[in-house]
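Asker: Going line by line, the protein sequences match chains D and A.
Per numbering that gives the first Met the number 0, the first sequence starts with residue 0, numbered consecutively.
Per numbering that gives the first Met the number 0, the second sequence starts with residue 0, numbered consecutively.
Any given hint might turn out to be false.
Straight line, CA to CA, 20 Å or less: simulated EDC-like cross-link-like pairs of lysine to aspartate or glutamate [stated by the list, open to error]: (1) Lys418/D / Asp305/A; (2) Lys112/D / Asp30/D; (3) Lys418/D / Asp392/A; (4) Lys435/A / Asp404/D.
No lab work stands behind these hints, which were simulated from the structure alone.
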Amino acid sequence: MNNKNICRVGFMSLIAAAALTSCSEEQQFVDYNNQAKKVDVQVLDQAHPELATVRDYVPLYAVIAHRGSTYWAPEETEASWRWARDMGADYLESDLQCTKDGVVLSLHDDNLKRTTNIQSTFSDQIPATRKDFYRTLTWSDGTPCNFSEADIEAAYQAELTDYYSYYPRNYYYAELLMLDAGKWFNEDNIEQARPEYEATNNALQETLASFQQGKGIVYSNGLYISALADQIAYAQGKMLNRDAQGRRILPYYVKDEYRGKSFSEIYAASAKVTHDVEGAQYGHQGRYHDFIEYDFSKAYKADPQDSGNRPGIYIEFKESWAQPKNMEARVYNELDKWGWNVCTKKCDGQPFYANGKVNVGNTNGKVILQTFSFDSVERVWNVFKGRVPMCYLLWTDYPSDYATDLTYDTPTGVADFIKYMQDKGCHIIGPAISGAPNNYPEMNCPWQAYMVRKSGMINHPYSFDSQAQITKYMGLWVNIWGENPTEFDDLMRITIPATNYSEGGCWDIYMDGCFTNRTEMNLTYMIDHGMRCNSKLPNPFHAGQTFDNSQAPHEVPDANALLEKLGYKK
Amino acid sequence: MKKHIILSIFAAAALCASAQDFDTKPCCGLENKAEMVKFTIGGRFMADAAWYHNDFTPMQSGATIADARIRTSASYKDYYFYADFGFGGGKFAQKNIFLQWAHQNEVGNTHAVKVGYYNDPAGSMAKITSLGSYHFISRAGSANSLGDGRALGVSYKFNNANWQAYQGIFSENQYNKIEAGFNGITVAGRWLYRPIVDENQTLHVGLHAALTHLGGGVEKTTKGSTVLQKNYTIAQTMETYVDEDTQFLGCTLPWANNVIKLGAEALYHNDKFFARGEYLHKTITKSRDTYKIFIAAQDNIDGWGDVVSWETANPLATNNFDGGYVEAGYLLWSKDGKAAYKYDSDNGTLKGLNAQALEVVGRVNVTNLNQINEGDYYSAGRDQYYPGGYMQDWPYSSTSVGGGRVVSATVGLNYSLNRFAQIMLDYTYSNLDRDKYPYDKNFHSVQGRVQFIF
Numbered sequence: 000m001n002n003k004n005i006c007r008v009g010f011m012s013l014i015a016a017a018a019l020t021s022c023s024e025e026q027q028f029v030d031y032n033n034q035a036k037k038v039d040v041q042v043l044d045q046a047h048p049e050l051a052t053v054r055d056y057v058p059l060y061a062v063i064a065h066r067g068s069t070y071w072a073p074e075e076t077e078a079s080w081r082w083a084r085d086m087g088a089d090y091l092e093s094d095l096q097c098t099k100d101g102v103v104l105s106l107h108d109d110n111l112k113r114t115t116n117i118q119s120t121f122s123d124q125i126p127a128t129r130k131d132f133y134r135t136l137t138w139s140d141g142t143p144c145n146f147s148e149a150d151i152e153a154a155y156q157a158e159l160t161d162y163y164s165y166y167p168r169n170y171y172y173a174e175l176l177m178l179d180a181g182k183w184f185n186e187d188n189i190e191q192a193r194p195e196y197e198a199t200n201n202a203l204q205e206t207l208a209s210f211q212q213g214k215g216i217v218y219s220n221g222l223y224i225s226a227l228a229d230q231i232a233y234a235q236g237k238m239l240n241r242d243a244q245g246r247r248i249l250p251y252y253v254k255d256e257y258r259g260k261s262f263s264e265i266y267a268a269s270a271k272v273t274h275d276v277e278g279a280q281y282g283h284q285g286r287y288h289d290f291i292e293y294d295f296s297k298a299y300k301a302d303p304q305d306s307g308n309r310p311g312i313y314i315e316f317k318e319s320w321a322q323p324k325n326m327e328a329r330v331y332n333e334l335d336k337w338g339w340n341v342c343t344k345k346c347d348g349q350p351f352y353a354n355g356k357v358n359v360g361n362t363n364g365k366v367i368l369q370t371f372s373f374d375s376v377e378r379v380w381n382v383f384k385g386r387v388p389m390c391y392l393l394w395t396d397y398p399s400d401y402a403t404d405l406t407y408d409t410p411t412g413v414a415d416f417i418k419y420m421q422d423k424g425c426h427i428i429g430p431a432i433s434g435a436p437n438n439y440p441e442m443n444c445p446w447q448a449y450m451v452r453k454s455g456m457i458n459h460p461y462s463f464d465s466q467a468q469i470t471k472y473m474g475l476w477v478n479i480w481g482e483n484p485t486e487f488d489d490l491m492r493i494t495i496p497a498t499n500y501s502e503g504g505c506w507d508i509y510m511d512g513c514f515t516n517r518t519e520m521n522l523t524y525m526i527d528h529g530m531r532c533n534s535k536l537p538n539p540f541h542a543g544q545t546f547d548n549s550q551a552p553h554e555v556p557d558a559n560a561l562l563e564k565l566g567y568k569k
Numbered sequence: 000m001k002k003h004i005i006l007s008i009f010a011a012a013a014l015c016a017s018a019q020d021f022d023t024k025p026c027c028g029l030e031n032k033a034e035m036v037k038f039t040i041g042g043r044f045m046a047d048a049a050w051y052h053n054d055f056t057p058m059q060s061g062a063t064i065a066d067a068r069i070r071t072s073a074s075y076k077d078y079y080f081y082a083d084f085g086f087g088g089g090k091f092a093q094k095n096i097f098l099q100w101a102h103q104n105e106v107g108n109t110h111a112v113k114v115g116y117y118n119d120p121a122g123s124m125a126k127i128t129s130l131g132s133y134h135f136i137s138r139a140g141s142a143n144s145l146g147d148g149r150a151l152g153v154s155y156k157f158n159n160a161n162w163q164a165y166q167g168i169f170s171e172n173q174y175n176k177i178e179a180g181f182n183g184i185t186v187a188g189r190w191l192y193r194p195i196v197d198e199n200q201t202l203h204v205g206l207h208a209a210l211t212h213l214g215g216g217v218e219k220t221t222k223g224s225t226v227l228q229k230n231y232t233i234a235q236t237m238e239t240y241v242d243e244d245t246q247f248l249g250c251t252l253p254w255a256n257n258v259i260k261l262g263a264e265a266l267y268h269n270d271k272f273f274a275r276g277e278y279l280h281k282t283i284t285k286s287r288d289t290y291k292i293f294i295a296a297q298d299n300i301d302g303w304g305d306v307v308s309w310e311t312a313n314p315l316a317t318n319n320f321d322g323g324y325v326e327a328g329y330l331l332w333s334k335d336g337k338a339a340y341k342y343d344s345d346n347g348t349l350k351g352l353n354a355q356a357l358e359v360v361g362r363v364n365v366t367n368l369n370q371i372n373e374g375d376y377y378s379a380g381r382d383q384y385y386p387g388g389y390m391q392d393w394p395y396s397s398t399s400v401g402g403g404r405v406v407s408a409t410v411g412l413n414y415s416l417n418r419f420a421q422i423m424l425d426y427t428y429s430n431l432d433r434d435k436y437p438y439d440k441n442f443h444s445v446q447g448r449v450q451f452i453f
């Protein structure tokens, strides 16, 4: 070959190189849709058939009232949960935390600043009422404990070294009942504000006056930071029992098992958790002192406005580092105490809906657990052993990375989480969805919903706030070309037969239930599109079988009118 | 007589002081014999095309200008200056630039001192071998990941027919990429013994070793406290230049402090056959300012109680990685029998094809960048190892490193038109074992190259 030919070969090579390089630009796009179909997703029914049985405790297309509602009423309070119950939600959703005296709270934020008036009540210091609280403690029969000043001072000094402002674990439940959990809502949501959401008394001043008389804490008379027990009561058609001044009736006293002990001895002894959950032992819990008993015997009364709906509860284990290490065991025991632990008390044979009412709260699916926390997943698995429906919630914030994020929200990453969560007793995946006002990351694209469906797990996205979101994930998703994606029709396309309230249709439905702040909107859409009040819904978890929710309420109350009816006037 | 011929060959090679990225003489030269000055200029061009097929994560098939380079040299008496610059991928890059003094004594021993920017002696035999003469489109993956490239330094080389001792002091090979700290320091050496040396065949066996103290890193400031974090990255491509992504095989090791590299090598060739191979091992030790970092970590309500508990939760571990390859080639055809495999005695490497010829080559490579602790749980969704065996919100840091393990096999066919131009075709199968890519096991690539060297 002469030099001329060498040059020709070189020139042609350059042209070929340029052409092929331009092709390679196209390949930079990683096709998640394609990958989602290729990855090996673990199937719950095959890997853990016993978990698939528990999965079926959960009704299809469940409407989960997120914190009761964040839109219509102060979240996770009596008002929001009574409203959600009577609206017809299937579940009342909440977040679990723990007080200093071990009361399991239904409370979202890890601190109390946003949703209470704690800053104006206690400031950022240890409550100034704390010593008087100790001084006025009584036994169950009302006799004063009369702890010594030295003992009280010693406990107080210890608390000073271990005190973090505003975190619920630093306050006794009785102290938290002095707070107003509704006033902030009126200030932040002018359009939805209602006078009845706010307390009318000054609990701090009244408490100080009470201490002068040797009596204990005086509660606020508005909406409270809720206990899990309260939430269960609302789900059962009850409301708070209040005295003539509007304060809830909830006496407290030192547990009788500590009689004869000094305060220092009680303080030390109560730090050791003694609960056993089916053989599981839990160690020393220095920050939590379970020596106070709250008498819930007269805490609730029948709600005259009860609609008859009996929703379940959908409770979230929060940041593990901010809760007792035995939080899951505490909740297990708390559920047991109120007859809501299906590990110990089954409700076989009960329908999800009966006579036009929600009846989920009387079924084996009455409680669903949820968490973002890996620690909680492990501990829930150890305590509940997969016998209660459990949801793992997905979040991602790439490239910044929180400890429990699904950092790689890719088909590989999703498949990995699905497998891990199934192996740890989870039945449900809860992905974040995009859209105003929260603008969460989108984790429920068609390919993601497809993978969850393929895995046999339930898909409960969070949280719906708008009609746009509802239509998007319940059949009208459009891709960037404005068309319905069809790649996943094999699993996602659902043909819904007509009902008395809808014409039915055929849609790709990217959820099996939803967390919502707008229960009324979700219910209305689902009834209008045949997803509720339908006796022949195709069951996506059992091919060829149907799911019957024809007995669900077919009328959705007016949200404002319902609040008025419940006593929250504009 | 034979001995004298061999000595003459070595003497000529040593004084020529060929550059490591080229072992061919440039076409263009200017020589003033009266002044004993000689200038050369030359170049190299490599165009690659590749097609990939793998199980899951796509690689980018296509084409690229793998290398485009200009080289210059000047020599005067025992002095030799060399520089070459790359333009591959449209980016200018300085390659080699050095000055060498070399002198051969009357018994054939050559002493050379070299200063500048060039491959350190322990970089690996593959790295020291010019890519244009390599007989494969890409160097072995283990050499790319565990070998080292060019660095600024000074070295002394002793070379004769049977022995080579080549050692020097170098900076890190970062070359001005360091954000903070200094360039570190490397002491490196390569020692070869040639039990067989004649006109038609050579056998060399050798060892190389290097100790690097890393000096450069990034400054991390937390709550007004600044620490220098030195990271060390080991990575390789899937033995290709078209998709140079190192995502499938690699790791970055924070708080690296010292790197100890050991290697063994062997090379044999005769006129029609060559075989060579290397084993490479790297140990990376770690160090950090624990107390400063501990203090800076006290930024939340559940801060660490004491430095001991923090250190327990954030352990450092020494890492060990290794790899190696075996390559062989056979000359299928040579026009008029002119082509033959030749040995570059100065560099201790095999030369490229020197005439019109057709050869078949094969290679097996193993690279292991996995060092995973027994009992750790790996989450692909987080690309994180959990030392407790299950996922935790705030687990102790795992010392596991899942950089990946690959076994690859390559067969190739190379046709040289003459000593300047060559067409190459390689097929490579790679089997990957990396937790991060559970669905990527099998990789196939077909690569072609056209290269000119002048």
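Asker: For every hint, state whether the structure bears it out.
Answerer: Hint check:
1. Lys418/D / Asp305/A: Roughly 37 Å between the alpha carbons, so the hint for Lys418/D and Asp305/A is violated.
2. Lys112/D / Asp30/D: With Cα atoms ~44 Å apart, Lys112/D and Asp30/D exceed 20 Å; violated.
3. Lys418/D / Asp392/A: The given pair, whose Cα atoms are some 18 Å apart, holds under the 20 Å limit.
4. Lys435/A / Asp404/D: OK: Lys435/A and Asp404/D at ~16 Å, within 20 Å.
Violated hints for the displayed structure, listed by number in ascending order: 1 and 2.
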